[in-house]
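J.: Just so you know, the sequences run in chain order A and B.
Note that numbering that gives the first Met the number 0 has the first sequence beginning at 0, numbered continuously upward.
Note that numbering that gives the first Met the number 0 has the second sequence beginning at 0, numbered continuously upward.
Please keep in mind that the hints were generated in silico from the structure rather than gathered at the bench.
It is possible that some hints are incorrect.
[Unchecked claim] Here's a subset of chain A near chain B, in silico, CB distances under 8 Å, partners left out:
| no. | residue |
| --- | --- |
| 1 | LYS28 |
| 2 | TYR79 |
| 3 | GLN373 |
| 4 | GLU379 |
| 5 | LEU382 |
Each residue gets a CB set at the ideal place from its N, CA and C atoms; glycine is no exception.
Listed below, chain by chain, are the residues.
Number of protein chains: 2
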Amino acid sequence: MSNIPYKTYLEESEMPKQWYNVRADMKNKPAPLLNPGTLKPMTAEELSVVFCDELVQQELNDTDAYIDIPEEIREFYKMYRPSPLVRAYCLEKALGTPAKIYYKFEGNNTSGSHKLNSAIAQAYYAKKQGLKGVTTETGAGQWGTALSMACAYFGLDCKVFMVKVSYEQKPFRREVMRTYGASVTPSPSETTNVGRKILAEHPGTTGSLGCAISEAVEVAVGSEGYRYVLGSVLNQVLLHQSVIGLECKAAFDKIGVKPDMIIGCAGGGSNLGGLIAPFMGEKLRGEADYRIIAVEPASCPSFTRGRYAYDFCDTGMVCPLAKMYTLGSGFIPSPNHAGGLRYHGMSSTLSQLYDDKLMEARSVEQTSVFEAAQFFARTEGILPAPESSHAIRAAMDEAIKCKETGEEKTILFGLTGTGYFDMVAYQKFNDGEMTDYIPTDEDLAKGFAGLPKV
Amino acid sequence: MSNIPYKTYLEESEMPKQWYNVRADMKNKPAPLLNPGTLKPMTAEELSVVFCDELVQQELNDTDAYIDIPEEIREFYKMYRPSPLVRAYCLEKALGTPAKIYYKFEGNNTSGSHKLNSAIAQAYYAKKQGLKGVTTETGAGQWGTALSMACAYFGLDCKVFMVKVSYEQKPFRREVMRTYGASVTPSPSETTNVGRKILAEHPGTTGSLGCAISEAVEVAVGSEGYRYVLGSVLNQVLLHQSVIGLECKAAFDKIGVKPDMIIGCAGGGSNLGGLIAPFMGEKLRGEADYRIIAVEPASCPSFTRGRYAYDFCDTGMVCPLAKMYTLGSGFIPSPNHAGGLRYHGMSSTLSQLYDDKLMEARSVEQTSVFEAAQFFARTEGILPAPESSHAIRAAMDEAIKCKETGEEKTILFGLTGTGYFDMVAYQKFNDGEMTDYIPTDEDLAKGFAGLPKV
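Just chain A, with the same shape it has in the complex (with noise of 0.2 Å):
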């Protein structure tokens, strides 16, 4: 065995002091939001309507590289990171490769997940500025939970509309949400104009993502004192996550590691945009390179099979268009989709990159993701979330292919968190009822026709 450690945690004072902001190595910056009354790109006026002012700043800066962490998000971030970086021993001996496994694990929270890194720097914002409180959409939960409690640490108000299948299927995720002092809405709900549309035209609707934005984004705007803040697929959202990849640098600097691979799932992009940042930066500037790997459900799958075009960030169509790989605003995962990873887009900064063939993508099916996510479970003790199993997957078939080569890449991938409000999912995959669902071409085209003509 090499002296390596399982786990590799920075000290608090190796902890990073500045977010860093992809964007500005970027020859080609991610399209800008566009107004979609004027198609004109939105400004800071316009977004701070929605957003807090300093998120508006963060949201349109694509030139700084580097923007200080506030001392009180790093002193929260202190409660519970560092995360480590975990080398993968146990899978490695079982799947027999010569692999080099590590993976960055972001499940030691109570939200469960990565989410609280935004979170808590969004709540701040909030705070300073002065705010009562905040609304925002939940899927999986793990958004919402970690919104709750950051909002409980700083005391503010929380309204979360939480996809209705999700709030049907987990009422423990909304429990926490609760005992954090949030607010939990079903959506689509009757408390707003665009949910009640929704209803009207869709009814007996189990709701999505997209559904549940149209909600908070109306409450926000129409209520005094509120702002709305988004989980993902934001540029400020991914600038906030790059507290994972930072970190992850500093602990393989530490131990005089160089990944070859990166590979994280992806759903809006929040988890890997924040992994790859300071790699993609490197790569940006031709100081490094790695190959880095989205993965994504197949039965969601904006990268493999999306269009790279202006789209709706949300199905009620109040938000501003955003240009990023996407399935169309009216795409709606098959119910049989468990977990997250279930948005229609992905972050434009992603998206941009990825179109520049920075990094690859490839899709996933969920009895294969859970599989690997048993074999996880079983081998490394963490119960994986859903969504963390997809980069499992591709991280695992990429050791496997290792032993048939006989190369000893070493691979990184994002563990974001854990699956204990998952048993639903895995229920269905212990009992063998488990399906998968890959849409069709023409499944595909409904919600390519819903694509706004810009």
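Based on the hints, put chain B in the right spot on chain A.
T.: Same frame as chain A, but now just chain B:
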């Protein structure tokens, strides 16, 4: 803010290589287990019908202060240990106390608690002995989950009898165990003689740990290549759990801190016994003094209202007799009691230490426990297990006393685990529907009436 970090981690090289056996330093040794037929101390031969051979040796060994941790177990420990010693800066601030509060957090593993420390040891010795598998009981579910993980790691079969009320209320706990390959049977069941007898005598019973132990022991004794394992109460379990206290002590030494008081929740005593072990050792050897406080539920008050007497460890009376603080093997906590800490008895080792006035005990009611849990979740971020929250309650009470007196006491408590699978109880609390229950003297008299005449 002091220069003590939020979290102190040991290096892997600093992790304990030996467990500490507090019995070696006890002047008054814990009373031996008795054969219920002969009323004579159980011999190694008699015990080896039920337990693995090496665990029998550990159970009976009250002379060796240190016992080597086999390398295979130390390697497994590295997957989730060292656990952090956390300075609760945010809790201190929220309470406005001059006290310095630390907690040892054992919840950062999938079993969600400290139980894994002994589960992996017991599974290791079973594997080493060439057994096919092990049987056990689980109440709240942490122990069953931990044992499932440990058995998956060593490729052992794992049969868990889960107290029926938990089996029904916690289907997700059951699924975690199944994900790790364990079979889970609600207890009392029709699959054992003792289960059928209990069901005949108490139709509709929701079960108890005592019943489930009887069933698990029956199956182990009656199956070729199986032994029974237990997650608390036994001397061997306290021995394995000493890794908690040893890490704690080493981390305190590293930051130059000495706690004034040590607080732990107490059900069967595994966490408390492990947490206090090296500190109690110093106390027994006259090297240092610490206030040590056991916290138990008012609804199951074995230390504070029990009798120190020989009693059956299980309801079916198939196990040896243990001398312990007990409420009688027929005692079952009120159904409104949430979470674990519901065993009728208490570790013989801790019972002797308590009887020798080397530690204190107090009981707390569950609504005040959940108030503390919620307060802790909102300030320190971690959603605690109901069991652990008994210790939080007492630690907060002591910190509030310090606020009143101005004393800067250093308080250490054991945060044994997370509450992700306890959301039914949290929901009751959130909805204002949680109730308290304190057994009357008459209730307790019924339990005492069943004590054997020894």
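J.: Now tell me, hint by hint, if it's right for this structure.
T.: Comparing the hints with the structure gives:
1. LYS28: With a closest approach of 36 Å, the LYS28 of chain A hint is violated.
2. TYR79: holds (6 Å)
3. GLN373: holds (6 Å)
4. GLU379: This hint holds: GLU379 of chain A lies near chain B, its Cβ roughly 7 Å from the closest one there, short of 8 Å.
5. LEU382: Nearest chain B Cβ about 4 Å off; hint holds.
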